[in-house]
Amino acid sequence: MAKYLLLKHYRGGPDRMPNCRTPMDQWTPEEVSAHIAFMQHVADVLRERGEFVDAQALSPEGTFVRYDAEGRPPVTDGPFAETKDLIAGWMMIDVDSVERAHEAAAFLSSAPGPDGEPIQEWIEVRPFLEHVPSTTD
Amino acid sequence: MTDVEALVRDLVPQVLGVLVRRGGDFAAAEDAVQEALLEAVRRWPDDPPEDPKAWLVTVAWRKLLDAGRSETARRAREERVHDEPGPGPAEPHDDTLLVLFLCCHPSLTPASAVALTLRAVGGLTTRQIADAYLVPEATMAQRISRAKRTVAREGVGTPGDLGPVLKVLYLIFNEGYSGDVDLAAEAIRLTRGLAASTAEPEVAGLLALMLLHHARRAARWSADGSLVPLAEQDRSLWDTGTIAEGVGILQTALACDRLGEYQAQAAIAALHCDAASAEETDWPQVLEWYDELLTLTDSPVVALNRVVALAEVDGPLVGLRELASVPDTVPRHTAVEAWLHERAGDTATAADLYLRAAAAAGNIAERDHLTKTAARLRGSRP
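For the protein sequence lines, the chains are V and H, in the order given.
Numbers 28 to 164, taken from our numbering, label the letters of the first sequence in order.
Numbers 5 to 386, taken from our numbering, label the letters of the second sequence in order.
By construction, these hints were calculated from the structure, which means they are not laboratory data.
All C-beta atoms in this analysis are idealised placements derived from N, C-alpha and C, irrespective of residue type, glycine included.
Heads up, some of the hints might be wrong.
[Stated by the list, open to error] Among chain H residues calculated to face chain V with C-beta under 10 angstroms, some are:
| # | residue |
| --- | --- |
| 1 | 113 |
| 2 | 115 |
| 3 | 116 |
| 4 | 119 |
| 5 | 137 |
| 6 | 148 |
| 7 | 151 |
| 8 | 370 |
[Unchecked claim] Taking lysine to aspartate or glutamate pairs in the DMTMM-like style, the calculated list, with each CA pair at most 25 angstroms apart, reads:
| # | chain 1 | residue 1 | chain 2 | residue 2 |
| --- | --- | --- | --- | --- |
| 9 | V | 30 | H | 39 |
| 10 | H | 376 | H | 206 |
| 11 | V | 30 | H | 372 |
| 12 | H | 171 | V | 157 |
| 13 | V | 30 | H | 238 |
| 14 | H | 57 | H | 39 |
| 15 | H | 171 | V | 126 |
Assemble the whole structure, with the sequences as input and the hints as a guide.
In structure tokens form, the structure reads like this:
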């Protein structure tokens, strides 16, 4: 069993599906509701399979922050216009294989958009490093 | 853990086994045993029973019948209402083995078998198992209940092949400890129980292997929490009592003359434990055992570890030649390659490879160790 993070960026689907690049604020309210209901459905399915660990959404309003010097306030930058660099949210799963992690990510990516068509957005799949190596040498 | 908890946890698989043999549906019986356990923990401190196992069987059986949750349980009740055993002593037969076979059913995924074994054989709560594997309790509850449904559907079959059982126990052992449950110690406890009910030398071999690794646990971590490789461990921290026990169990197993992979691995671990310093390791014998292990398993992981032993015996260049025949997809392949180049004196190549190995490491402790090794070889900045 290994844990994976399924990262949702603000990245649309492939070019052959131009419809699915339509920003969400141009969807109908019903299409938005259907999309959100599907996300909940994915979490429910993963929970029922004993694979769900966590799901969170992030506000797009973010700021970059860094240390400057002793006694000086932190340096801030942003927010940035390029939304494809931002993370919209994530799902954390605990699954038997990397193949299963990809299957779950593809399921998440099949979420409906305009006209109920799958938006086919890119999902970044990242394995977690374990904290400890196995007990044996 | 209280005395009562320790006692009931030893009895869990035996009680569950009795219920299943009496015709109880596995999933419902497991629930009933868990409920009986809770009642035991509540009532025994003030009112200890004369025969704890009989008490648990009686209470769990009553809960199973009361629940009537499954068709099988209802059928069993109708059929058995006349010949239900009285509250006398329970069957002396130990059903741990039967329950272990069910929990490690080949149709289950490894993760499901591990979770079910820890609950139905180990007597841990779902919360404890969830904490140990860092998932929400609701997720672990689903994992266990799916596993129980699979087992109930597949049935007992003909238990006989211990292979899947030993694999599950070894997986639990390898998880070490996280949360408040020491899974390595738990795996040792369960394997001890299994070893007591079967004379199969591979069971003893696995128990010996676990003990020999467990004995070195205190030396595997430095004070700042970083990983200490075998060659650099402070051997005075090794637990000599546990080593002696492991070696004794292994010798008895080997005397049966039915070698298996766990006995061979334990033999290698015993040779390491036997060396007062890394330099005194009997590498030729370690290599012989790797040859045995390779013929038993044909595993590329074993082939990779064998390369290390070979290099210790015949030198790093022989090791590098042999490494070429091991698929480079095997985890730690790059780390071994780095170590061989370091041994051969090519520190620049070794440092590059250690960095690559660090990037491919599956856990934080190993990654940090490999990164530090690369940094040490590079030396300080000019």
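Verification of the supplied hints:
For the restraint placing residue 113/H at the interface with chain V, the shortest Cβ-Cβ distance is roughly 5 angstroms, inside the 10 angstroms limit, so the hint holds. Annotation: interface hint on residue 115/H holds; nearest CB of chain V at approximately 4 angstroms, less than 10 angstroms. A least Cβ separation of about 7 angstroms between residue 116/H and chain V falls short of the 10 angstroms threshold, and the interface hint therefore holds. The beta carbon of residue 119/H comes within 8 angstroms of a beta carbon in chain V, closer than 10 angstroms, and the hint placing it at the interface holds.
Restraint check, residue 137/H versus chain V: the minimum CB separation of about 7 angstroms is within 10 angstroms; hint holds. With its C-beta approaching chain V no nearer than about 8 angstroms, residue 148/H sits inside the 10 angstroms limit, and its interface hint holds. With 10 angstroms as the threshold, the beta carbon of residue 151/H comes within range of chain V, its nearest partner Cβ sitting at about 8 angstroms, so the hint holds. Here the hint on residue 370/H is kept, as its CB sits about 5 angstroms from the closest CB of chain V, short of 10 angstroms.
The straight-line distance between the Cα atoms of residue 30/V and residue 39/H is roughly 31 angstroms, outside the 25 angstroms bound, and the hint therefore fails. Taken as a hint, the residue 376/H and residue 206/H pair is broken in the structure, with Cα atoms around 38 angstroms apart against an allowance of 25 angstroms. Taken as a hint, the residue 30/V and residue 372/H pair is honoured in the structure, with Cα atoms around 20 angstroms apart against an allowance of 25 angstroms. A distance of roughly 20 angstroms separates the Cα atoms of residue 171/H and residue 157/V; the hinted pair therefore holds under the 25 angstroms criterion.
At roughly 33 angstroms between alpha-carbon atoms, residue 30/V and residue 238/H are farther apart than 25 angstroms, so this suggested pair is violated. For the proposed pair residue 57/H and residue 39/H, the alpha carbon gap of about 14 angstroms is at most 25 angstroms, so the pair holds. Restraint check for residue 171/H and residue 126/V: the C-alpha separation of about 22 angstroms stays at or below 25 angstroms, so the hint holds.
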